[in-house]
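Put the two chains together into one complex; each comes in its own frame, and the hints tell you how they fit.
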Amino acid sequence: EAGVTQFPSHSVIEKGQTVTLRCDPISGHDNLYWYRRVMGKEIKFLLHFVKESKQDESGMPNNRFLAERTGGTYSTLKVQPAELEDSGVYFCASSLSAYRLAGYQETQYFGPGTRLLVL
Amino acid sequence: AQSVTQPDIHITVSEGASLELRCNYSYGATPYLFWYVQSPGQGLQLLLKYFSGDTLVQGIKGFEAEFKRSQSSFNLRKPSVHWSDAAEYFCAVSPSGAGSYQLTFGKGTKLSVIP
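These protein sequence lines are chains Y and E, in that order. Under this note's numbering, residues 1 to 119 are what the first sequence spells out, in order. Under this note's numbering, residues 1001 to 1115 are what the second sequence spells out, in order.
Just chain E, same shape as in the assembly (with noise of 0.2 angstroms):
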C-alpha cells in the first residue's frame, strides 16, 4: 500500500527566512505528486503538482518542489517566507496508472512564521 510521509509535524521559521518542509513517499512506482495548502478557515489549495518531465516543478505563491526518485523525496522549499504563508500543509500522492484516483496523504505540516 502506498504511505506518504511528512516527519515533521510542525515548524517554526522567521518571516524573510528560507523554508523546507519534506515529504516522502513509499509507492511501487512514481506516482504523481501534490502539495497542498489549508490556510485558516480555508479548504485545500494546489500548491503544486509533479506528473513527469522536470523534476524540479514550480508553484503558486512562490513555492517550488523537487522530485528525488532515488530518495522518494518530494520536499517543498520557498526561498523567503512571508506572514501569510502560516498554514498547513499536505503532501499528496496519487498512482499514475490507468483507473487509479484517490489520493494519499501525508499528516501534515504546520507551519508558523514569526514576524
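Isolated chain Y (complex conformation) (with noise of 0.2 angstroms):
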C-alpha cells in the first residue's frame, strides 16, 4: 500500500512568489492534515481536513495560506505571496477515520515532505 506522498520534495522560490505543495493522503484516509516546521522549531499543526471540508484550521499562520481539498482525494497548499519566514519543512499525515467518538484512537501517517526556502 502507498504511504502518504508529498510534492515537490523542494521548492526554492523568490519572496513574493507563488508555491503550491501537494499531498497525496493514504487512499481511503478521510483525515488529511498539513504540518510545518520552521528552522530551529517544533513541528506545528496547520489544518485539518476531514474528505474535502476543513474541520480545524485554527493553525494557519494568516490568509497568505489557501489549503484546498477538492473531492476529498489529494491536498493542495498555497503560499502566496511567499516571504522568507515561510521557509521550512512542510508535512502532510492523513489517518483512516473521520468519526471520533471517544476512545477511538487514531493514528496519523506522515509523508516526506517539503523543503520550502524562500530567498
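Calculated from the structure, these hints are not laboratory results. Incorrect hints may appear among the rest.
Stated by the list, open to error - Keeping only pairs whose Cα atoms sit at most 25 angstroms apart, straight-line, the calculated DSS-like set for lysine-lysine is:
{"hint": "1", "chain 1": "E", "residue 1": "1110", "chain 2": "E", "residue 2": "1061"}
{"hint": "2", "chain 1": "E", "residue 1": "1049", "chain 2": "E", "residue 2": "1110"}
{"hint": "3", "chain 1": "E", "residue 1": "1061", "chain 2": "E", "residue 2": "1107"}
{"hint": "4", "chain 1": "E", "residue 1": "1049", "chain 2": "E", "residue 2": "1107"}
{"hint": "5", "chain 1": "Y", "residue 1": "15", "chain 2": "Y", "residue 2": "41"}
{"hint": "6", "chain 1": "Y", "residue 1": "78", "chain 2": "Y", "residue 2": "15"}
{"hint": "7", "chain 1": "E", "residue 1": "1049", "chain 2": "Y", "residue 2": "44"}
{"hint": "8", "chain 1": "E", "residue 1": "1107", "chain 2": "Y", "residue 2": "41"}
{"hint": "9", "chain 1": "Y", "residue 1": "44", "chain 2": "E", "residue 2": "1107"}
{"hint": "10", "chain 1": "E", "residue 1": "1068", "chain 2": "E", "residue 2": "1107"}
{"hint": "11", "chain 1": "Y", "residue 1": "78", "chain 2": "E", "residue 2": "1110"}
{"hint": "12", "chain 1": "Y", "residue 1": "44", "chain 2": "Y", "residue 2": "15"}
{"hint": "13", "chain 1": "E", "residue 1": "1110", "chain 2": "Y", "residue 2": "44"}
{"hint": "14", "chain 1": "Y", "residue 1": "44", "chain 2": "Y", "residue 2": "78"}
{"hint": "15", "chain 1": "E", "residue 1": "1049", "chain 2": "E", "residue 2": "1068"}
{"hint": "16", "chain 1": "E", "residue 1": "1068", "chain 2": "E", "residue 2": "1110"}
{"hint": "17", "chain 1": "Y", "residue 1": "41", "chain 2": "E", "residue 2": "1110"}
{"hint": "18", "chain 1": "Y", "residue 1": "78", "chain 2": "Y", "residue 2": "51"}
Stated by the list, open to error - Beta-carbon label-pair distances, calculated as ranges:
{"hint": "19", "chain 1": "Y", "residue 1": "10", "chain 2": "E", "residue 2": "1011", "range": "26 to 32 angstroms"}
{"hint": "20", "chain 1": "E", "residue 1": "1066", "chain 2": "Y", "residue 2": "30", "range": "28 to 34 angstroms"}
{"hint": "21", "chain 1": "Y", "residue 1": "22", "chain 2": "E", "residue 2": "1011", "range": "32 to 38 angstroms"}
{"hint": "22", "chain 1": "E", "residue 1": "1041", "chain 2": "Y", "residue 2": "51", "range": "28 to 34 angstroms"}
{"hint": "23", "chain 1": "E", "residue 1": "1082", "chain 2": "Y", "residue 2": "73", "range": "35 to 41 angstroms"}
{"hint": "24", "chain 1": "Y", "residue 1": "2", "chain 2": "E", "residue 2": "1079", "range": "30 to 36 angstroms"}
{"hint": "25", "chain 1": "Y", "residue 1": "27", "chain 2": "E", "residue 2": "1041", "range": "21 to 27 angstroms"}
{"hint": "26", "chain 1": "Y", "residue 1": "14", "chain 2": "E", "residue 2": "1018", "range": "45 to 51 angstroms"}
{"hint": "27", "chain 1": "Y", "residue 1": "12", "chain 2": "E", "residue 2": "1001", "range": "30 to 36 angstroms"}
{"hint": "28", "chain 1": "E", "residue 1": "1079", "chain 2": "Y", "residue 2": "18", "range": "47 to 53 angstroms"}
{"hint": "29", "chain 1": "Y", "residue 1": "14", "chain 2": "E", "residue 2": "1083", "range": "21 to 27 angstroms"}
{"hint": "30", "chain 1": "Y", "residue 1": "73", "chain 2": "E", "residue 2": "1058", "range": "33 to 39 angstroms"}
What the hints assert, rightly or not - To spell it out: a stretch of chain E is covered by chain Y in this simulated footprint if at least three of its residues, at any positions, have a beta carbon under 8 angstroms from a beta carbon of chain Y; those stretches are:
{"hint": "31", "segment": "1032-1042"}
{"hint": "32", "segment": "1102-1113"}
Backbone N, C-alpha and C fix where the C-beta goes; we use that ideal spot for every residue, glycine too.
Right, dumping it as C-alpha cells:
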C-alpha cells in the first residue's frame, strides 16, 4: 500500500512568488493534516481536513496560506505571496476514520515533507 | 494548552550502548502519546504509540517507551543502539477525547551514534 506522498520534495522560490505544495494521502483516509516545521522550532499543526471539509484551520499563520482538498482526495497548500519566514519543511499526514468518538485511537501517517526555501 | 518537552536537543551515544530519550508533556487529562523518527532525507516514521492499557509499549526497530502518569513522561528506550538509529526523534501527544485531532510535538532530539 502506498504511503503519504508529497510533491515537490524541495522548492526554492523568491520572496513574493507563489508556491503550491501537494499531498496525496493514503487511499481511503478521510483525515488529512498539514504541519510545518520552521528551522529550529517544533513541528506545528496548520490545518485538518475531514474529506473535503476544513475541520480545523486554527494553525494557519495568515491569509497568505490557502489549503484545498477538492473531492476529498489530494490536497494542495498554496502560499501567495511567499515571505522569508515561510521557509521550512511542510509535512502532510493522513489517518483513516472521520468519526472520532471518545476512545477512538487515531494514528497519523506522515509523508516525507516538502522543503521550502524562500530567498 | 498542551505542550511537550524534550529536554535534550542532541545526544551522542556509542554503538551498542543503551539509549533513553526523555519526553514530558503537559495536559489536563491523559493524552495519546507517540514517538516518531525522522532519518536524514526521510519523512516522519511512527515508532510506537500509547493509547491505553499496558504502560510499557513496544515499537519497531527494537524501541520501547514507558508511560508514567505520575511523572507525565513517555521516555523512549533502546537497549543497544545501532548506527542506523542516528536520526531525529520526536515525541508527540494528541487529545484522547472525541473530536480532537491535532498532534502537538516536542522540539525533537537529534541522536548521533559513534561507531
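Hint-by-hint comparison with the structure:
no.	hint	verdict
1	1110/E to 1061/E	holds, 17 angstroms
2	1049/E to 1110/E	holds, 20 angstroms
3	1061/E to 1107/E	holds, 22 angstroms
4	1049/E to 1107/E	holds, 18 angstroms
5	15/Y to 41/Y	holds, 21 angstroms
6	78/Y to 15/Y	holds, 14 angstroms
7	1049/E to 44/Y	holds, 19 angstroms
8	1107/E to 41/Y	holds, 6 angstroms
9	44/Y to 1107/E	holds, 10 angstroms
10	1068/E to 1107/E	holds, 20 angstroms
11	78/Y to 1110/E	violated, 30 angstroms
12	44/Y to 15/Y	holds, 22 angstroms
13	1110/E to 44/Y	holds, 18 angstroms
14	44/Y to 78/Y	holds, 17 angstroms
15	1049/E to 1068/E	holds, 14 angstroms
16	1068/E to 1110/E	holds, 23 angstroms
17	41/Y to 1110/E	holds, 13 angstroms
18	78/Y to 51/Y	holds, 18 angstroms
19	10/Y to 1011/E: 26 to 32 angstroms	holds, 28 angstroms
20	1066/E to 30/Y: 28 to 34 angstroms	holds, 32 angstroms
21	22/Y to 1011/E: 32 to 38 angstroms	holds, 35 angstroms
22	1041/E to 51/Y: 28 to 34 angstroms	holds, 32 angstroms
23	1082/E to 73/Y: 35 to 41 angstroms	holds, 38 angstroms
24	2/Y to 1079/E: 30 to 36 angstroms	holds, 33 angstroms
25	27/Y to 1041/E: 21 to 27 angstroms	holds, 25 angstroms
26	14/Y to 1018/E: 45 to 51 angstroms	holds, 48 angstroms
27	12/Y to 1001/E: 30 to 36 angstroms	holds, 34 angstroms
28	1079/E to 18/Y: 47 to 53 angstroms	holds, 50 angstroms
29	14/Y to 1083/E: 21 to 27 angstroms	violated, 39 angstroms
30	73/Y to 1058/E: 33 to 39 angstroms	holds, 34 angstroms
31	1032-1042	holds (count 4)
32	1102-1113	holds (count 7)
When each numbered hint is compared with the structure, violations occur for hints 11 and 29.
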